[in-house]
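Chain order of the listed sequences is A and B.
Quick note on the numbering used here: the first sequence kicks off at 1 and runs consecutively.
Quick note on the numbering used here: the second sequence kicks off at 1001 and runs consecutively.
Accuracy of the hints is not assured; some may be wrong.
[What the hints assert, rightly or not] On the chain B side, residues computed to face chain A include the following (Cβ under 7 Å):
| hint | residue |
| --- | --- |
| 1 | 1115 |
| 2 | 1143 |
| 3 | 1158 |
| 4 | 1161 |
| 5 | 1165 |
| 6 | 1169 |
| 7 | 1275 |
| 8 | 1276 |
| 9 | 1280 |
[Claimed, not checked] Far from chain B, by Cβ distances over 12 Å, these chain A residues were calculated:
| hint | residue |
| --- | --- |
| 10 | 40 |
| 11 | 49 |
| 12 | 182 |
| 13 | 239 |
| 14 | 372 |
[To be verified] Selected chain B positions facing chain A (Cβ under 7 Å, derived; list incomplete):
| hint | residue |
| --- | --- |
| 15 | 1147 |
| 16 | 1159 |
| 17 | 1284 |
| 18 | 1287 |
| 19 | 1288 |
Hint data in this document are derived by calculation from the structure and do not stem from the laboratory.
Beta carbons: idealized from backbone N, C-alpha and C, even for Gly.
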Amino acid sequence: MDGDHACCEGALAAGCRFVAGYPITPSTAVVERFARRIPRVGGVFIQMEDELASSIAIQGAVWAGKKAMTVTSGPGYSLMMEHIGLAVMTECPCVFVNVQRGGPSTGLPTLPGQADMMQARWGSHGDYEIIALCPDSPQECFDFMIDAFNLSEQYRVPVMFMMDECIGHMIEKVTIPEADKIDVTPRNYTKLPPDQYLPFKPAENMVPEMVKAGDGYRIHVTGLTHDYRGYPVMSADCQEELVHRLVNKINRNEEKIRHIIATDIEDADVVVIAYGITARVAVDAIALARKQGVKVGLLRLVVVWPFPEAVIRDLANKGKALVMAEMNYGQIYYEVERCAQGKVPVLLAGHGGGDVHKTEAIAEKIVEANKCLS
Amino acid sequence: MSAGSQDTKRKIKLTLPEEEIMSPGHVACLGCGASLGMRYALKALGHKTMMAIPACCWAVIDGPFPYSAAGVPIHHSAFETAASTAAGMTHALSQLGQDDVTTMAWAGDGGTFDIGLQALSGAAERNDNLIYVVYDNEAYMNTGIQRSSSTPHGAWTTTTPVNHYRKGQKKNIMEIMVAHRIPYAATANVAFPEDFIRKLQKAKEIKGMKFIHLYAPCPTGWKHATDKTIEIAKLATQTNTFPIYEVENGVYKINRKIKNPKPVAEYLQYQGRFRHLSDDEVAYIQSEVDKNWERLLKLEQAFGEE
Chain A
1 MDGDHACCEG
11 ALAAGCRFVA
21 GYPITPSTAV
31 VERFARRIPR
41 VGGVFIQMED
51 ELASSIAIQG
61 AVWAGKKAMT
71 VTSGPGYSLM
81 MEHIGLAVMT
91 ECPCVFVNVQ
101 RGGPSTGLPT
111 LPGQADMMQA
121 RWGSHGDYEI
131 IALCPDSPQE
141 CFDFMIDAFN
151 LSEQYRVPVM
161 FMMDECIGHM
171 IEKVTIPEAD
181 KIDVTPRNYT
191 KLPPDQYLPF
201 KPAENMVPEM
211 VKAGDGYRIH
221 VTGLTHDYRG
231 YPVMSADCQE
241 ELVHRLVNKI
251 NRNEEKIRHI
261 IATDIEDADV
271 VVIAYGITAR
281 VAVDAIALAR
291 KQGVKVGLLR
301 LVVVWPFPEA
311 VIRDLANKGK
321 ALVMAEMNYG
331 QIYYEVERCA
341 QGKVPVLLAG
351 HGGGDVHKTE
361 AIAEKIVEAN
371 KCLS
Chain B
1001 MSAGSQDTKR
1011 KIKLTLPEEE
1021 IMSPGHVACL
1031 GCGASLGMRY
1041 ALKALGHKTM
1051 MAIPACCWAV
1061 IDGPFPYSAA
1071 GVPIHHSAFE
1081 TAASTAAGMT
1091 HALSQLGQDD
1101 VTTMAWAGDG
1111 GTFDIGLQAL
1121 SGAAERNDNL
1131 IYVVYDNEAY
1141 MNTGIQRSSS
1151 TPHGAWTTTT
1161 PVNHYRKGQK
1171 KNIMEIMVAH
1181 RIPYAATANV
1191 AFPEDFIRKL
1201 QKAKEIKGMK
1211 FIHLYAPCPT
1221 GWKHATDKTI
1231 EIAKLATQTN
1241 TFPIYEVENG
1251 VYKINRKIKN
1261 PKPVAEYLQY
1271 QGRFRHLSDD
1281 EVAYIQSEVD
1291 KNWERLLKLE
1301 QAFGEE
């Protein structure tokens, strides 16, 4: 099956039973599959009137007690930004899938891009942190969609599932395990009685417990700055406490959320950092550069946000030159450069999207980075 | 007999403006109703026309610039913004003193009934001086046949698969627009170009917001033979499925009253998207068509010409 279909199956396996979506290439196949599949498992797919509606309908479904997601691509993702901010503020666990295409604006509807990575992080206004995952195969679309839902429940945060057109339309074998072998995180509903429960009082992991509509709890959920009760409080003190926690419940758990796949980096002089489809091209580029005698390894970022700063710092401290390969002109690159703190050369193998990298383009950067070391 | 002989020269009376502004070589599918619609619209409005086209089939049909087929300036805008883009254009043209230029927003049913409704409502409420044409092919065809709120009851689409086909009537966009009290709203059908062109020419002379709901079959999405476009479009009106009427300053006028309307089944039968329907469903669709027609007749009785 292709990545779009695997994404749908992964969501179903993770327990998602409500999907709101709107047609947009190259993500449409996801909702088309949901339209056929989700009624069979007792779920609901609604085709909404636009992406604004899709991105908020899922939050209604979450507060009513279901796991929910929406899926879109560039222009639709832009429309969803306000509601991503709302999901952050109300700590609404849900998943936003973005099958990235070339942008800005209409861009390249049928061709790949990886240029929505910064938008995924901070596209909505205000200060916050989210979690973003990048699969590089249909199998990973299945597997990591489950991770995406689990992380959204663990941290009560909207999780961005950042596919790209190549991964979405790529057809590969996908193995779906038996249901009892799939690890699904249930929603963390409170055990406290209504008179003791505070909807936004954080537990030890900085994440508050949830309730759902109809359980007899009287709560208030708002996009306004709020206290533990969820009541609006217009003060700098309350803002500081709340936003500080929203940011740090992700940042301070970065190590736990971290998902990187390192290949041959121990003895490497140069490390290529990549995510999504570009990580697959990087594998060929690394083989090419190794033939030319460069000791080079690959660091694949599955979780891109929160950014694994410590890992990059460690590579820089060990003196490894870094090559960031991504389908944009430097979104994660500047993160890498920031973490390298000028200790090692950091090179960008980037382009504007529309096609995967040429293997040689990444290989050349590897060789160049190696030369910078000597 | 010589070719120029006065006696034998047959005079052909053309019922449509002769000049072709839209050129051949566009990239629409075979049998596309929307491309016919544009051809007629430009014949009616002439060269001094500027268009706003959002994401829709026509954003593609025109062809990649410089190979564009429309022959007049187009502003390609975001999905939800046909009416807002056109509003900006018409206000700027007015400031520039170019009141002889017609501004037309040209959008599909998804970009009008769904995502573009807010922008459309805003332009209507402000009574911005533009013509808004929705070419209605009853689904998101450009992304590959997903249902819209214009998809009729019973229709298959990829997001309303056969087991879960679309239930419920399509949104009545005309009543929504009439409720905005705009000076002119009309339905038209690509099978009746004289009527469509007359309406556009009338709209061109009216200041303020004009809305035309154009019925435009889509062989690709409706699963019908590409040479049946006109026949199916005609049947839509001959069965009262898509009545042809106009509302000018609140006054209703049905332009085509069918003496003996054909059964709706005749209209449905040519289209693969309705193939799964049971006789009961077809009877239900017939009853809804009859009800809607009765309602329209009553509106004309109540709010028609004195």
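Status of each hint after checking the structure:
1. 1115: For residue 1115/B, the interface hint holds, since the closest Cβ of chain A sits about 4 Å away, which is under 7 Å.
2. 1143: Residue 1143/B check passes; min Cβ-Cβ to chain A is 4 Å, inside 7 Å.
3. 1158: Holds: closest Cβ of chain A sits about 5 Å from residue 1158/B, inside 7 Å.
4. 1161: holds, 5 Å
5. 1165: Because about 11 Å separates residue 1165/B from the closest Cβ in chain A, which is outside the 7 Å limit, the hint is violated.
6. 1169: violated, 16 Å
7. 1275: Result: violated, 18 Å to nearest chain A Cβ.
8. 1276: Hint violated; residue 1276/B Cβ to chain A Cβ min 14 Å, cut 7 Å.
9. 1280: The hint is violated - residue 1280/B has no Cβ within 7 Å of chain A, the shortest such distance being about 22 Å.
10. 40: At about 9 Å from chain B, residue 40/A fails to clear the 12 Å cut-off, so the statement is violated.
11. 49: violated, 4 Å
12. 182: holds, 26 Å
13. 239: holds, 31 Å
14. 372: holds, 41 Å
15. 1147: Holds, because the Cβ-Cβ distance from residue 1147/B to chain A comes to roughly 6 Å (cut-off 7 Å).
16. 1159: With a closest approach of 4 Å, the residue 1159/B hint holds.
17. 1284: Constraint on residue 1284/B not satisfied, violated at 22 Å.
18. 1287: Violated. Min distance 26 Å.
19. 1288: violated, 21 Å
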